[in-house]
Amino acid sequence: MKYIGGRILHSLFLLFGVSLLCFLLADLAPGDYYSELRLDPTISADAVAAMRARAGLNRPFVVRYGAWAAAALRGDFGYSLAYGAPAGPIVRERIRATLLLTGTATLVAWLLAVPWGVWSADRRGTWGDAASRAILALLLAIPDLLLAIVLLVWAVESGALPAGGMVSRDFAATGTAGKLLDVARHLALPAGVLVLGMLPVLARHVRASVGEALDSEFAASARANGIPHRRLLFRHVLPAALNPLISLFGLSLGTLLSASLLVEVVMGWPGLGPLFLDAIMARDFTIVLAVVMLSTLFLIAGNLAADLLLYRADPRIRVRS
Amino acid sequence: MKAAVVLLVALHAAILLAGVLAPYPYDEQHRDYPYAPPSHIHFAGLRPYVEDAATGRRDAVRFFVHGRLLGVDSPGVLFLCGTDGLGRDIFSRLLYGGQVSLLTGLLATAVSLLAGLVLGASAGFFGGWTDRVLMRSGELTMAVPWLYLLLAVRAFLPLHIGTGEAFLLLIAIIGGIGWVRPARLVRGVALSGREQPFVLAARGFGASNFYLLRRHVAPQAWGVLLTQATVLIPQYVLAEVALSFLGLGIGEPVPSWGNMLTEARQYYVVVQHPWLLAPGLAVIPFLLGYLRVADGLLERQ
Amino acid sequence: MGREALLAARGVSKSYGGRAVLRDVSLEVASGAVLGLVGASGSGKSTLARCLALFESPDAGEILFEGRPLVARARPAIQLILQQPAAALNPRFTAEEIVSEPLEIQGIGTRAQRRERAREMMAMVGLERAAAGRRALEFSGGERQRLAIARALAIEPKVLILDESFSGLDAGVGATVIGLIDDARRRGLACIVVSHDVAMVAQWVEEIAVMDDGAIVEQGPVARVAAEPRHERTRQLWEASAALALPL
Chain A
726 MKYIGGRILH SLFLLFGVSL LCFLLADLAP GDYYSELRLD PTISADAVAA MRARAGLNRP
786 FVVRYGAWAA AALRGDFGYS LAYGAPAGPI VRERIRATLL LTGTATLVAW LLAVPWGVWS
846 ADRRGTWGDA ASRAILALLL AIPDLLLAIV LLVWAVESGA LPAGGMVSRD FAATGTAGKL
906 LDVARHLALP AGVLVLGMLP VLARHVRASV GEALDSEFAA SARANGIPHR RLLFRHVLPA
966 ALNPLISLFG LSLGTLLSAS LLVEVVMGWP GLGPLFLDAI MARDFTIVLA VVMLSTLFLI
1026 AGNLAADLLL YRADPRIRVR S
Chain B
55 MKAAVVLLVA LHAAILLAGV LAPYPYDEQH RDYPYAPPSH IHFAGLRPYV EDAATGRRDA
115 VRFFVHGRLL GVDSPGVLFL CGTDGLGRDI FSRLLYGGQV SLLTGLLATA VSLLAGLVLG
175 ASAGFFGGWT DRVLMRSGEL TMAVPWLYLL LAVRAFLPLH IGTGEAFLLL IAIIGGIGWV
235 RPARLVRGVA LSGREQPFVL AARGFGASNF YLLRRHVAPQ AWGVLLTQAT VLIPQYVLAE
295 VALSFLGLGI GEPVPSWGNM LTEARQYYVV VQHPWLLAPG LAVIPFLLGY LRVADGLLER
355 Q
Chain C
4 MGREALLAAR GVSKSYGGRA VLRDVSLEVA SGAVLGLVGA SGSGKSTLAR CLALFESPDA
64 GEILFEGRPL VARARPAIQL ILQQPAAALN PRFTAEEIVS EPLEIQGIGT RAQRRERARE
124 MMAMVGLERA AAGRRALEFS GGERQRLAIA RALAIEPKVL ILDESFSGLD AGVGATVIGL
184 IDDARRRGLA CIVVSHDVAM VAQWVEEIAV MDDGAIVEQG PVARVAAEPR HERTRQLWEA
244 SAALALPL
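Chains as they are written, first to last, in my numbering: chain A, 726 to 1046; chain B, 55 to 355; chain C, 4 to 251.
FYI, nobody ran anything at the bench for these hints, they're computed from the structure. Any given hint might turn out to be false.
[Claimed, not checked] Which bits of chain B does chain A cover? Going by a derived footprint, with three or more residues having C-beta under 8 Å, they are:
| hint | region |
| --- | --- |
| 1 | 119–130 |
| 2 | 170–178 |
| 3 | 245–258 |
| 4 | 295–301 |
[To be verified] Selected chain A positions facing chain B (Cβ under 7 Å, derived; list incomplete):
| hint | residue |
| --- | --- |
| 5 | Leu-737 |
| 6 | Leu-749 |
| 7 | Val-839 |
| 8 | Pro-868 |
| 9 | Leu-871 |
| 10 | Ile-874 |
| 11 | Gly-884 |
| 12 | Ser-972 |
| 13 | Leu-986 |
| 14 | Asp-1003 |
| 15 | Ile-1005 |
| 16 | Ser-1020 |
| 17 | Thr-1021 |
| 18 | Leu-1022 |
| 19 | Leu-1024 |
No residue lacks a Cβ here, since even glycine has one placed at the ideal position from N, Cα and C.
Could you put together the complete structure from these sequences and hints?
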């Protein structure tokens, strides 16, 4: 219990530290939303200064940080100057879209990676394994960006799947089944790109971890005791190989908000990615901060989850702490 | 693995020699040939030539023209990978762009490794507050998802800057935020290093901490740094590509694989002119090579 | 004879995790003398040796060098050679680099001079000059021991402490090394030989101190301690090493 409490406290400190540093960085940044406005000749410098004062950007650092942090804890991420609306709802809406995309992709990637990894670990040294490793290496070497563009080009050319966006123009008019199908069709390509990007990393890890378990002494003695291979693999080896994979899974969860930035931007999926990018271009630091903090929150939470899962699964850690 | 190393050396050499290998300068526009397809090279016996589709005119391909390896009799054109919307030769821009992207990746890696070496060695060797501060800073840096951290730092810096400054900026921030893993690895080396009997013996001869770090500890870190390099270089090249693609990196007219791909965002254009995807494909052999070398080094351990 | 003590421990005590390893130990060695420090394993003799060379600090008491408390700056004048000197040599260094390292650290001489001195020292311990460019891990255990001794002598220390350092050396090489040390003693070097093998040590040293359970139980000229051991432990050590000694 002490261990868990300690880890949670540690995570909270990290979150606090990151928020402070981000806020500081944003503060030190030359120019802000209003500087971009200044480039517009129709707006006078005085008007900009007045707008700045109204938005409360003139108060001392500690006050602004305190106000922001207190509000953020309530889920209020401030006011987006670029959108002219509270940042919270905007960000939350986008998070839903991103989680739909990355959640689906992560699930599919793990469902494919585990059997693939186990299969190739079982057949190490064979032609099948060599071919599988070559395929995974090639997948790893193809940048997400390229894959996304290629698939979009294919979509445009073949018309089989929509080329971008999350919903079609007539989305509102269709029935529930139609809506689901529409989103699914739009989801297919971006999720596909993400899956193809995650798959090699995960499959390699699964293969390494299962391979190690297969090579271990207890597997050798189990084999010597005459346990048939299939049973050995699934009943004995796989559970042993799980530990390092648990951490990896936690990390996968942690990157649910951050893995899809490029893909969303390229394929027009209305998630956090395009929001973040637009905010950067417009120097809307409210949104930038909110997105960074939320994606950090997910990553920290994912690592924490991995630590705690590992703690429950691995008795050695409990003894040590 | 040796094959991969040879491949990488050859590819890097080719990029390095862009000034010689590229038939055209990177910004030379051929207004008459927008989106031209890749040129076909025909052979009359042993002599290569290109044929103009409209007029049937043949122009010989020549070697060592104006200090460049390949050239063609005017008014013929030699576009090995076709041209972009402004009629610029993509093959040449691939080579020059490769210089930008690769150099960014390599120099950023050097920054990360150097920072990691200095910080990690100090933390591991001296321990105490130095170590604590370093570990906490590392945790904070790693708590933010990498690409978001990179973009956020980029966001907080001026958006409209010149090419030279953008180049240095990218190297500084890509390399700067990546110090943690190398530092942790070097810290491990330094931690075990400071207890080694020959280090203690050297102290007995009156060696200063700096001498011990330089002469005994740092050389043990090279292996670790090399493996890190093979992992970081491709990651950082992709970072440059992403940043430039998003308009936050190197801008026109200097080519980089990233900003060349922005043209490929016009999907309807790409359907008809698929050679615009060449910059994305160019990265692949590099990534394959580095991946193979990284795996090979890992196996060696 | 009343020679001035070059290196002395005064009332030194040290504990590790509650266990007392050194209890109020006082010991001194004069310039040009050779002192044997013997005892069974765990008697604290190696710990005392490390304290004398400032590799560890005593919890109580002090170490005096030339009459003054020993400080880090004086460390090069006191050299300690361990039983497994292989670990005390950086395996990636060449023999030359190893032997000349103390000179390099102290900034003595030019690079060429240091290399020459390194080769000289190697020759004096019976290693070929031509082997100077070979890496440490290419040498055998006994050869590495000789490199460690050559390194320690290269800097012309005032005190040399040998902790079980003769175990890997054959008789001939051992004799050469003893000869080297005796030469240095004529120039003022003080030497402390730490060992569990009393008989071997007794053949060389002038004075012997016996340690048991963290304290010095007997000390005196070797002839007297050999003839009339006053402490039980001394007797035991003598019998033990006599049992090990091969008949000549």
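Tested hints:
no. : hint     : result
1   : 119–130  : violated (count 0)
2   : 170–178  : violated (count 0)
3   : 245–258  : violated (count 0)
4   : 295–301  : holds (count 5)
5   : Leu-737  : 11 Å, violated
6   : Leu-749  : 10 Å, violated
7   : Val-839  : 21 Å, violated
8   : Pro-868  : 6 Å, holds
9   : Leu-871  : 3 Å, holds
10  : Ile-874  : 5 Å, holds
11  : Gly-884  : 11 Å, violated
12  : Ser-972  : 14 Å, violated
13  : Leu-986  : 6 Å, holds
14  : Asp-1003 : 11 Å, violated
15  : Ile-1005 : 4 Å, holds
16  : Ser-1020 : 5 Å, holds
17  : Thr-1021 : 5 Å, holds
18  : Leu-1022 : 9 Å, violated
19  : Leu-1024 : 5 Å, holds
Comparing the model with each earlier hint shows violations of hints 1, 2, 3, 5, 6, 7, 11, 12, 14, 18; every other hint is respected.
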